[in-house]
Structures are given as structure tokens and as C-alpha cells.
Amino acid sequence: MRVFVAGGTGVMGRRLVPQLVARGHQVTATTTGPGKLGLLEQLGADGVVMDGLDAVSVGGAVAAARPDAIMHQMTAISPAHAGKPDMKHMDRFFAATNRLRTEGTDHLLAAAEATGVSHVVAQGHASWNGIREGGWVKTEEDPLDPGPPSMRRGMEAMRHIEDVVVEAGGAVLRYGGFYGPGATDDVVGLVRRRQFPLVGGGTGYSSWVHLDDAASATVLAVEQLAKGVFNIVDDEPAPASEWLPHLAACTGAKRPVRVPTWLARLLAGDVAVTMMTEGRGFSNAKAKRELGWELRYPSWRQGFEEGLA
1 MRVFVAGGTG VMGRRLVPQL VARGHQVTAT TTGPGKLGLL EQLGADGVVM DGLDAVSVGG
61 AVAAARPDAI MHQMTAISPA HAGKPDMKHM DRFFAATNRL RTEGTDHLLA AAEATGVSHV
121 VAQGHASWNG IREGGWVKTE EDPLDPGPPS MRRGMEAMRH IEDVVVEAGG AVLRYGGFYG
181 PGATDDVVGL VRRRQFPLVG GGTGYSSWVH LDDAASATVL AVEQLAKGVF NIVDDEPAPA
241 SEWLPHLAAC TGAKRPVRVP TWLARLLAGD VAVTMMTEGR GFSNAKAKRE LGWELRYPSW
301 RQGFEEGLA
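For the sequence shown, position 110 (counting from the first letter as 1) is numbered 110 according to my numbering, and the numbering increases by one without interruption.
Hints were generated in silico from the structure; no laboratory data involved.
Just so we're clear, the structure is a prediction, and the values are computed from it rather than from any experiment.
Glycine included, C-beta positions come from ideal geometry on N, C-alpha and C.
Mixed in with the good hints there might be a few duds.
[As the list claims (entries may be wrong)] Label pairs and their calculated CB-CB ranges:
| # | residue 1 | residue 2 | range |
| --- | --- | --- | --- |
| 1 | 106 | 190 | 31 to 41 Å |
| 2 | 228 | 203 | 29 to 39 Å |
| 3 | 46 | 141 | 34 to 44 Å |
| 4 | 116 | 252 | 50 to 60 Å |
| 5 | 169 | 246 | 35 to 45 Å |
| 6 | 285 | 246 | 16 to 26 Å |
| 7 | 24 | 262 | 53 to 63 Å |
| 8 | 306 | 113 | 38 to 48 Å |
Please take these sequences and the hints and turn them into a complete structure.
Following this line, the structure appears as C-alpha cells:
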């Protein structure tokens, strides 16, 4: 199969492209500048420079590649694109990514239609952002949370991806919180400096997934022409009171300090408080059942120990 990976040099793309190549697929992958074309070549892909926010650039790149399927992995949350993470102003920090998830998605779907590409797989998100009512673990049937005020645009962008890609007959993979090579460097740095505290009782749930497991699920989704929404998370959604101390221990850091909710809201904003005290995790039962997905790291406990020690 000829597969077009939009966003081939991100943390996910760098794990995804080699898996596609290893399974015999012909891969064209994009980057935003010529400096990373060599990396794509090393990964086994044909590299192309593309601006995901430029309809002409996207249309030309897709037409030249003549793919059978398109994978949308475009984000702009690396320090080079978005600067230092800013939990208090999430919509500002994610502004470029939100555009890629709205305008960029629309450009890819238009290019797919123009060139006769019948299948699109896109990146979604399912870490702590399930609807904040009822139980602590959500399925694909449960809606995403509208989000705290400082990230409403981001959540609207995520809903846009799900609406338009599913309507076009494609699949949206709601990835859990990524960890693995290059994915958690900022978080680990904060934990080691004891700048990532437990908030309140740490009752909010999160779901995690190793990059390699997320990539393997993505390969299955494109090979099986999957349709609909899938939660791509590990087997163990867990409250912050469990995963954060374990993460600290695996990185050799001291146990995280605990701060009251009111102080965390002043220092870090409403997103951090919501995530740490009210977040909802996700179930992976559908992806395992329908895609035949098997995880190398069924739990973040094992994954943190092996990958972050």
C-alpha cells in the first residue's frame, strides 16, 4: 500500500514510518522544512516538504505521492514550533496545532477527494479529556469534555477532526498521553525539578500509551481500512495519585510535592487542576476487539520502568 504520512518527523511520525516500511508499505512522509528530509530518508520514506496550512501545498504533495491512504499526524507542539509549554494559556500554546487540526484536516480531506484517496486515518486525543460526569473510564460512545475555558478552542478542534474524518469514511485514533523517545522530556524535566506537583487528592484519571504501541495500532487501522473512532490507550487508566509518583520514582526524582487546588489554579491554571482532579481516562476494548491490537506495554507501570529509568 502507498501511504502518505502528513507529519512524518514528529514524535509519532518517527515511530510510525519505520513500522509501515517494515510491513512492506511504500511511504511518503512530510516535514515542514528541508532540514529533516534526510531523517525521513533514513527512516525509509520518500520525504517531501509541505505546509499543512496551505491548501495548494497539501494538494500538490498528495497528488504527487498518489497514495492509497493518508495519515494525519500533523501537530505544532514541539518547542521549535510552540515554545515552552504553557498550561495556563493552552489555547494560545496550541494555536498552530488547533489550526492544523481544523484547516489542515480540511486541506487533507480535500486533497484526498481530489486524488481519489478513499481512506484517511487521523490523530485524536484521549488522555484525561473524557466527559466529566459519571464513571472515571470512558468508551468511544462517550463524548469528549468541552474543556476548561483556557482550552475550549483546542477541544473544538478535536471534535472537528472526529466529525469530518468519520463523515468522510475514515478513522480517528484517540491517542492517550504519549510516552517514549522524545515524548515526555518536558514532563520528566519538571518532575525531576519537583515542579510537577500532585494537585489536591490527585483523583483525576489519565490514560497513557507508548509511542510504539500507538504506532502499531495506527498501522492496523490503515491496513484494515478502519472507520470510526478508536481509543488508543493502554490497559490501565489511573489517577494522578498513582501514575505521577511512579513516574518520579522511575526517573530517580524525589516524590512529588502536593499542593492545594486553589494554589494550583493560581500557579498553573484551570487545565492542570482539571486534569489532576477531575480527568477521565479511556477504555481500549474496542481497539483490541476490532483491530486485533496487542500492546507491548499494557501498562504505564511497566512502560515507565523500562523507558524512563
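Going down the list of hints, with the structure as the test:
no.: 1; hint: 106 to 190: 31 to 41 Å; in the structure: holds, 35 Å
no.: 2; hint: 228 to 203: 29 to 39 Å; in the structure: holds, 31 Å
no.: 3; hint: 46 to 141: 34 to 44 Å; in the structure: holds, 39 Å
no.: 4; hint: 116 to 252: 50 to 60 Å; in the structure: holds, 53 Å
no.: 5; hint: 169 to 246: 35 to 45 Å; in the structure: holds, 40 Å
no.: 6; hint: 285 to 246: 16 to 26 Å; in the structure: holds, 24 Å
no.: 7; hint: 24 to 262: 53 to 63 Å; in the structure: holds, 56 Å
no.: 8; hint: 306 to 113: 38 to 48 Å; in the structure: holds, 43 Å
Comparing the model with each earlier hint shows no violations; every hint is respected.
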